[in-house]
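Here is how the chains run, residue by residue.
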Amino acid sequence: GENVEQHPSTLSVQEGDSAVIKCTYSDSASNYFPWYKQELGKRPQLIIDIRSNVGEKKDQRIAVTLNKTAKHFSLHITETQPEDSAVYFCAASKESGYSTLTFGKGTMLLVSP
Amino acid sequence: DSGVTQTPKHLITATGQRVTLRCSPRSGDLSVYWYQQSLDQGLQFLIQYYNGEERAKGNILERFSAQQFPDLHSELNLSSLELGDSALYFCASSVPSGNTIYFGEGSWLTVV
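Protein chains in written order, with the numbering used here: chain A, 47 to 159; chain B, 5 to 116.
Simulated from the structure, these hints should not be mistaken for laboratory data.
Note that the structure is a prediction, hence the values are computed from the model and not measured.
Think of the CB as a built atom: it goes at the ideal place given N, C-alpha and C, for glycine as much as any other residue.
Don't take every hint at face value.
[To be verified] Covered stretches of chain A, going by a simulated chain B footprint (3 or more residues, C-beta under 8 Å): (1) 88 to 101; (2) 149 to 157.
[Unchecked claim] Here are the simulated lysine-lysine pairs, BS3-like style, with alpha carbons at most 25 Å apart: (3) Lys88(A) - Lys13(B); (4) Lys117(A) - Lys151(A); (5) Lys83(A) - Lys117(A); (6) Lys88(A) - Lys117(A); (7) Lys103(A) - Lys151(A); (8) Lys117(A) - Lys104(A); (9) Lys103(A) - Lys114(A); (10) Lys83(A) - Lys103(A); (11) Lys151(A) - Lys83(A); (12) Lys117(A) - Lys68(A); (13) Lys13(B) - Lys83(A); (14) Lys13(B) - Lys140(A); (15) Lys61(B) - Lys140(A); (16) Lys13(B) - Lys114(A); (17) Lys140(A) - Lys83(A).
Bound conformation, chain A alone (with noise of 0.2 Å):
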């Protein structure tokens, strides 16, 4: 089955700097990948998302990188927010209906004013 691998466990940054979370994934046959943000006793959110016919994709402060030869994806996040605090997951699946995602562990990123 698929494995999914996130690093760093834990990102520290101060207000205003970038912030990257990397993933990478087992199953070549995996072609979505979403990004997932979960705030302390809350539900995890969708935020972005990429398929793998795409290497590339922007909204606003977050953009989200895909190297399929590779098999690993990144979350950029851009002047970054005491509010961007949280614990954000990566996920893989194949693009089917039926297809399980599979999530990373998590990076609790920490946004210092």
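Assemble the complex: chain A is given as a structure, and chain B must be docked to it using the hints.
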């Protein structure tokens, strides 16, 4: 609000007991997923149902079981509860043709 409804929000019960967690998916979603999140742990996939049928099984203990009913709501049954079962249990749902899953607010289970 994701549209996925979970009840109860909080539950405290004793070891050895049995509880049932309930989930209503978003309107139109046929797939329901159950995840367990323990303290400092990631999202552990338990089980997936699609239109009433079991589709995939993850790290679900034999003491746990689930089902999806004709109206598409799902229940997760946890029996012979142990202290280690204390966790946040999430239900999620997705559209028939897609992978994007939307999580409910979760059910906090505390076993004492």
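Evaluated hints:
no.	hint	result
1	88 to 101	holds (count 6)
2	149 to 157	holds (count 4)
3	Lys88(A) - Lys13(B)	holds (11 Å)
4	Lys117(A) - Lys151(A)	holds (17 Å)
5	Lys83(A) - Lys117(A)	holds (22 Å)
6	Lys88(A) - Lys117(A)	violated (30 Å)
7	Lys103(A) - Lys151(A)	holds (23 Å)
8	Lys117(A) - Lys104(A)	holds (19 Å)
9	Lys103(A) - Lys114(A)	holds (14 Å)
10	Lys83(A) - Lys103(A)	holds (17 Å)
11	Lys151(A) - Lys83(A)	holds (12 Å)
12	Lys117(A) - Lys68(A)	holds (11 Å)
13	Lys13(B) - Lys83(A)	holds (20 Å)
14	Lys13(B) - Lys140(A)	violated (32 Å)
15	Lys61(B) - Lys140(A)	holds (16 Å)
16	Lys13(B) - Lys114(A)	violated (40 Å)
17	Lys140(A) - Lys83(A)	holds (21 Å)
Of the numbered hints stated above, those contradicted by the structure are hints 6, 14, 16, listed in ascending order.
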